[in-house]
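Asks: All chains should be modelled from the sequences, with the hints used to inform the complete structure.
Same order as they appear, the protein sequences are chains R and L. For the first sequence, position 337 (counting from the first letter as 1) is numbered 337 according to the working numbering, and the numbering increases by one without interruption. For the second sequence, position 134 (counting from the first letter as 1) is numbered 1134 according to the working numbering, and the numbering increases by one without interruption.
Simulated from the structure, these hints should not be mistaken for lab results. We put the CB at the ideal spot given by N, CA and C, even for glycine. Any given hint could be a false lead.
[Claimed, not checked] A few chain R residues that don't get close to chain L, going by computed Cβ distances all over 12 Å: (1) Gly33; (2) Gly63; (3) Thr76; (4) Gly314.
[Unchecked claim] Quick list of simulated restraints, FRET-style, between CB atoms: (5) R:His144 <-> L:Pro1110: 26 to 36 Å; (6) L:Val1254 <-> R:Asp313: 45 to 55 Å; (7) R:Ile100 <-> L:Val1148: 39 to 49 Å; (8) L:Gly1239 <-> R:Glu373: 37 to 47 Å; (9) R:Asp78 <-> L:Phe1101: 41 to 51 Å; (10) R:Gln353 <-> L:Phe1056: 21 to 31 Å; (11) L:Gly1190 <-> R:Glu19: 21 to 31 Å; (12) L:Leu1181 <-> R:Asp421: 49 to 59 Å; (13) R:Pro290 <-> L:Phe1056: 54 to 64 Å; (14) L:Ile1226 <-> R:Gln353: 49 to 59 Å; (15) R:Leu426 <-> L:Leu1181: 45 to 55 Å; (16) L:Leu1181 <-> R:Arg9: 47 to 57 Å.
[Stated by the list, open to error] Sample of chain L residues at the chain R side, in silico, Cβ under 10 Å: (17) Val1020; (18) Pro1021; (19) Ser1022; (20) Leu1025; (21) Val1029; (22) Arg1186.
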Amino acid sequence: MPVPLVSFRQVSYEYPRSERPALLDVDLDIRAGEIVGLTGATGSGKTTLCLALNGTVPQFFGGRFYGRLLVEGRDTLDHPIHEQAAGVALVLQDPSAQLIAATVEQEIAFALENLRVPRAEIVLRIETALAAVGLSALRARHPHTLSGGQQQRLALAAAFATRPRLMVLDEPTSQLDPRSALGVFALIRELNAQYGIAFLITGHAPEEMAATVQRLVVLAGGRVVADAPPEDVYRDLPLLSRNSIRPPGVTVTFAQLAERGATRLAPPIRLEVGLEQIKHLPAPRPFDPPVATPAQSGVPILSLDRVSHVYADGTRALTDLTLEVHRRDYLAVLGQNGAGKSTLLRHFLHLLQPTEGSVRIDGALLATYSAPELAQRVGYVPQNPDRQLFNATVEAEVGFSLRVLSLPPGERERRIHTVLDSLGLLPLRHRHPFSLSRGDRARVVIAAVLALEPEILVFDEPTTGQDDEGARAILDLTRRLNQEGRTVILVTHHLSLLPGYANRAILLRGGRLVLDASLRTAFHDLEALASTDLQPTHAVALARAADDRLRTFTPEELAGLYGAHPTSQGSTP
Amino acid sequence: MSGDRSTPGPAASIAEPSSVPSGELRTVVFHGTAQIGGAPVASVIVLASVVAVLSFIPFSVALSAGNGFPMAQGVYSLTGWLLGPWAGATASGVGSLIGIFLAPHTAGIPWITVGGAASGALFAGVITRQRTHRRLTGLLAVVIVLEVVIFVRHAVFTNGVRPGVFVAAYLTHLIAIVGFLLPTRRWIGGLIASPDLRRVALGLFLGTWMAASLMMFGESMMGYLILNWPDELFVFFAGIIPLEQAARSGIGAVIGTGVIAGLRSMSLVKPRDARY
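Replies: Shown next as structure tokens:
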């Protein structure tokens, strides 16, 4: 039997001053050329396991290390990190954090120069790597002018150019839109097939994982609690639920169909299989969607009137965009990277001013509000929480803006306690924000914004990097705030999470408004979705495959139309 | 599912899995080769960048050479405590060298600025409760005493500056010099190493005051040897130097406390000679 490429033997690891092990008795093999997925709840030890593979854990962090980890037969504790990096390439969760050169070409060359690869060979490898990831035309661009998807592909190219035996990708698509995410996973499959590189991929993207990995490992509390083909793992819904892992939408739908006796087949994990299977089921009962709440009248809390924005370099980001947001709206903003979503959000915050048109809050032009006034009207939670954290404790972070507003100490303390409690952060109030997991750091930023009690809350991809439970907790909170009277505007790529939360969606393409409709209508406007390269959710695709007239948009709604026991239909319009 | 190890058997269903590692405890050694004085080169580069960026910000309208001083002067000593004396001196020296080109408005006399930046980190690196770097400490003490002798000889005995005026002008620095030669140095080092962040802040304030005073006294001496400013300027210094030292110490304490609090909570492995 061949020696595995990676061999964990009773590996445990404790960070310095940590109260519990980040990894515990891990026994795991990865064979050459294998694609292995690694999933688990936030804080389950996925990133630590990745960092152990080139010796960064424990050599860079210190702490206590138990057991033995062999990569290509070499003990990771006995060799310098830079030697190990030649065989194990690591791509971090935020690709922009590891891009350091001035051009795309130089970025790929950097690691090769450090590995003392001959110049002629470097030139050759740059060409191969650029061609493999489709960035040849952008070789002279500065990496930080690339889109998120392009940066991700560049990070992959720079890692691939070192000709590693193993590529470790920590949440490689968490920042990407669906089209870019599909592209990255297709690239992984191609590099694996063409060059035989083994991959370890962590993440919360079940649809892409199901289509790509050969084995799926589940971590919980630093332990390996499952190591099996993805079919076996994704069909074990109790295991997924215990570990806060979202199953593919098609699996959930078919599991519910099986519960109702509509099928005896094992739930598929890939959509194309599900689409084929559902055609062979008996015809579903007709579905009457709940009546959508009529649009509100009166002065909108936020309005854009024929807004266009052209950046200084001539890039047209928004064109003739008119939009009214009313109090208590829960608006989802959808579109691919580069569709104009961020530019739109910056207009809400007066960080950008329209080149043409106007933006108003309660009928008054945004320019008439002072910065503190605007901060109390519009709260903004950015996509990358780390850019907004600068205090030494969670409590200080949440209370910072309240101190600036000179609130009385009693009121300040009340607000801090309330938001920390509502986000489950009270036990962490004295911790340093950067000692927390990414998911917890995101919650700290949300808490800091909520403490200001703004009327309008703008969330830019708040579920990025969150496990299923964390994502649901954040969305539940947004729904509660909405029900309490706040207006919520949420940008997301995770369409399947939206039913039950947003009541309205707008779809942007190239800076233009393509669609403004109820969430259900938007989800079923397949033509509009296709025009922006957005894929319908599994539940919607399955409903339309079963009967093109069906307008269900959750697995529960669709499954309720099969079997002997009709269930109440969903209430989200 | 055969691979699922989470499904407990009847006996295991009531027992929490042990959190005691069963593997052999290993000795953790950092095998990286790119180090300066026990600190990773990457850390030195990061802090050099910080020093270069802070060189942009002028923080006073007047100083010995007639220019504003850069905010970076408040963190030269911090690099010594974060990286140790040699790596800290490299970071400060390289950062201020870059700063001279990027921000000439705060540079003063360039070679004195770079040497001063490096010396500030060197002095800070030996302000520690540990009895390490004894030779370096002894050498720095000799250098300081020589600076005092040369400065006094040139100003008082050659140029006729009144002794009382000289002492008044450099009282802040002279107190720091005495403090450095006495065990006060180790007491301040103990404060910086304390787990209590309030004591850390106090230690950083006093330590920055001490290291920056030693640095500035040397810079002033060299500037004086070149410029020979008049007696009247010493009188002006008597008022301005304590204020500027307070500003440097404040910068060092505020930035340093935040940085040390962050580094401690991020559990990064410390450079060999780090003092926090």
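Asks: Let me know if the C-beta of L:Arg1186 comes in closer than 10 Å to any C-beta of chain R, holds or violated.
Replies: violated, 25 Å
Asks: Taking the Cβ atom of R:Pro290 and the Cβ atom of L:Phe1056, is their distance within the range 54 to 64 Å?
Replies: holds, 59 Å
Asks: Please test the hint of 45 to 55 Å on the beta carbon pair from L:Val1254 and R:Asp313.
Replies: violated, 38 Å
Asks: Have a go at the L:Val1020 hint: is there a Cβ in chain R nearer than 10 Å to its own Cβ?
Replies: holds, 9 Å
Asks: Against chain L, does R:Thr76 hold up as non-interface, every C-beta pair farther apart than 12 Å?
Replies: violated, 10 Å
Asks: Evaluate the given range 49 to 59 Å for the C-beta pair formed by L:Ile1226 and R:Gln353.
Replies: holds, 52 Å
Asks: Taking the closest Cβ pair, is L:Leu1025 under 10 Å from chain R?
Replies: holds, 5 Å
Asks: Does the Cβ-Cβ separation between R:His144 and L:Pro1110 fall within 26 to 36 Å?
Replies: holds, 32 Å
Asks: Quick check on L:Pro1021 please, does its C-beta sit within 10 Å of some C-beta on chain R?
Replies: holds, 3 Å
Asks: For the pair R:Ile100 and L:Val1148, does the Cβ-Cβ distance stay inside 39 to 49 Å?
Replies: Check passed, 45 Å falls within 39 to 49 Å.
Asks: Is 45 to 55 Å respected by the C-beta to C-beta distance linking R:Leu426 and L:Leu1181?
Replies: holds, 50 Å
Asks: Could you tell me whether the CB distance from L:Gly1239 to R:Glu373 stays inside 37 to 47 Å?
Replies: Hint holds: Cβ distance 43 Å, inside 37 to 47 Å.
When each numbered hint is compared with the structure, violations occur for hints 2, 3, 6 and 22.
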